[in-house]
Amino acid sequence: MSKVVEHNGVVYIAGTTAPDTSVGMKQQTEQVLARIDGHLSVGGTDKSKLLSATVYISDMSQKPAMNEAWNAWIDPANPPTRACVAVELGTPSTLVEIVVNAHK
Amino acid sequence: MSKVVEHNGVVYIAGTTAPDTSVGMKQQTEQVLARIDGHLSVGGTDKSKLLSATVYISDMSQKPAMNEAWNAWIDPANPPTRACVAVELGTPSTLVEIVVNAHK
Amino acid sequence: MSKVVEHNGVVYIAGTTAPDTSVGMKQQTEQVLARIDGHLSVGGTDKSKLLSATVYISDMSQKPAMNEAWNAWIDPANPPTRACVAVELGTPSTLVEIVVNAHK
Chain A
22 MSKVVEHNGV VYIAGTTAPD TSVGMKQQTE QVLARIDGHL SVGGTDKSKL LSATVYISDM
82 SQKPAMNEAW NAWIDPANPP TRACVAVELG TPSTLVEIVV NAHK
Chain B
22 MSKVVEHNGV VYIAGTTAPD TSVGMKQQTE QVLARIDGHL SVGGTDKSKL LSATVYISDM
82 SQKPAMNEAW NAWIDPANPP TRACVAVELG TPSTLVEIVV NAHK
Chain C
22 MSKVVEHNGV VYIAGTTAPD TSVGMKQQTE QVLARIDGHL SVGGTDKSKL LSATVYISDM
82 SQKPAMNEAW NAWIDPANPP TRACVAVELG TPSTLVEIVV NAHK
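Protein chains in written order, with my numbering: chain A, 22 to 125; chain B, 22 to 125; chain C, 22 to 125.
One chain only, chain A, in its complex shape (with noise of 0.2 angstroms):
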């Protein structure tokens, strides 16, 4: 598969998982979006332009722990659209695996 695809103007970014995942969900997270920024970068975006947003997680309970980091993450005057489920990931350590597009 490819990590980053670009047509007519939108950036469409492969489900991005944490290249270490013995951490907790908050710092996966943060690995995650780190790595989409590079995705992101590779397409001629950046996170200012996000049109929409999954966050694929193994855990509900540990929402908030994903919420901080995005929150962080995120750019307050255009955050995309998202939506938040949880569900079995590729690896039992796996927390969280987000996908998102993006405009140029």
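These are computed hints drawn from the structure, not numbers from a lab.
Warning: the hint list may mix true and false statements.
If several chains are the same, the list does not tell them apart, and a pair holds so long as it fits within one copy or across any two.
[Unchecked claim] No farther apart than 25 angstroms at their CA atoms in a straight line, the calculated lysine-lysine pairs in the BS3-like style are these:
hint, residue 1, residue 2
1, Lys70, Lys47
2, Lys47, Lys24
3, Lys47, Lys125
Small disclaimer: the values here were computed from a predicted structure and weren't measured.
Use these hints to put chains B and C onto chain A, whose structure you have.
Same frame as chain A, but now just chains B and C:
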């Protein structure tokens, strides 16, 4: 997060849940769809211009009750694409969350 | 719902499952991808123009079998972005449901 984001003629609506989660699946879905009508209106569009939808429900056995409300709401001449999966939602009493996008 | 919706050069395909759910994950995924080929064709496009994909599977332990079919199908020069999560699908025997969009 934003409830409504628009870019290049496409309107993205956030994951939408029912304000009153004390009621059953059909009624929660009706509430969700009424809120989505409002969000679409804010974005300058309406349900006849939906593109795609993701329906998250908390219990697959209640999909028929969700569909009753969905089928009564949708514009039969212009239905969106849809996927419906069961996941854990934001609170135990939240039975349905719907994400849509639409053109203008 | 619609199987295929097009707007402004982007083709949205509905969540697609296998017609025969008596078979295993790899075969169900092959069936899903064959149906998606048909839907993409209806939309005037093909798998070399995929933008993003969401793969819902019923059991994360069967992700490798899904990937066998996925990797054999995808255009290696133009893979889409992808997220893969495990959820409850529409029937107990449904092992995989895939959502994609593509440009024309």
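Taking the hints in turn, this is what the structure says about them:
no. : hint             : verdict
1   : Lys70 <-> Lys47  : within (23 angstroms within a copy, 36 angstroms between copies)
2   : Lys47 <-> Lys24  : both (23 angstroms within a copy, 24 angstroms between copies)
3   : Lys47 <-> Lys125 : neither (28 angstroms within a copy, 37 angstroms between copies)
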